[in-house]
Amino acid sequence: MTNVTFLPFQPTETLKFSLSAADIHIVSLKKGFSGYLVPSKIYNILATGCALIAAGDAECEMVDMVQKYECGFTCRPGDIEAIVSFIEKCYNNRSFLKRISENARNTALHYDFEKPLDTAHKLFLELTQQG
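The sequence shown: position 81 = 146 (the working numbering), numbered continuously.
Derived by calculation from the structure, the hints in this document are not laboratory data. Don't take every hint at face value.
Stated by the list, open to error - In silico EDC-like cross-links for lysine to aspartate or glutamate, where the CA-CA straight-line distance does not exceed 16 Å: (1) Lys95 / Glu135; (2) Lys95 / Asp122; (3) Lys154 / Glu126; (4) Lys163 / Glu153; (5) Lys96 / Asp122; (6) Lys95 / Glu124; (7) Lys96 / Glu135; (8) Lys106 / Glu78; (9) Lys106 / Glu126; (10) Lys163 / Glu135; (11) Lys154 / Glu78; (12) Lys96 / Asp144; (13) Lys133 / Glu167; (14) Lys96 / Glu126.
Stated by the list, open to error - For each label pair, taking beta carbons as the anchor points, the in silico distance ranges come out as: (15) Arg164 / Ala86: 17 to 25 Å; (16) Asp129 / Lys187: 22 to 30 Å; (17) Lys187 / Glu153: 14 to 22 Å; (18) Val149 / Ala86: 14 to 22 Å; (19) Asn171 / Thr77: 23 to 31 Å; (20) Glu153 / Leu190: 19 to 27 Å.
Each residue gets a CB set at the ideal place from its N, CA and C atoms; glycine is no exception.
With the hints as extra help, turn the sequences into a complete structure.
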């Protein structure tokens, strides 16, 4: 495969350059993890203005976000045919890819990145004060 580049672990300082080098990112969430976590990397991916393939359960927050803001494509984990079909659609229709990429960037603007940190900090304080 000559049109895909796999990179090793990237330091935080250069991560934005790696993320913005792609046209499309794939993030998958294993079946059964919906409701327990949201892969935090999706926010950085969306902020770079890259379309997102969200492979997860139908009730997954990541899947809901991509559908609500039309910033990519959703499918079940492991649905390779659907993923390939979407990538081909983007390759053959650059105006479609441009639109969903712009939607991705705009989606990132809807999220307050400090709020999850504040929530986690409050939870940590509550848990440590109970013991």
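(message) Of all the hints numbered above, which does this structure not satisfy? Sort the numbers upward.
(response) Hints 1, 3, 7, 11, 17, 20 are the ones this structure does not satisfy, whereas the remaining hints hold.
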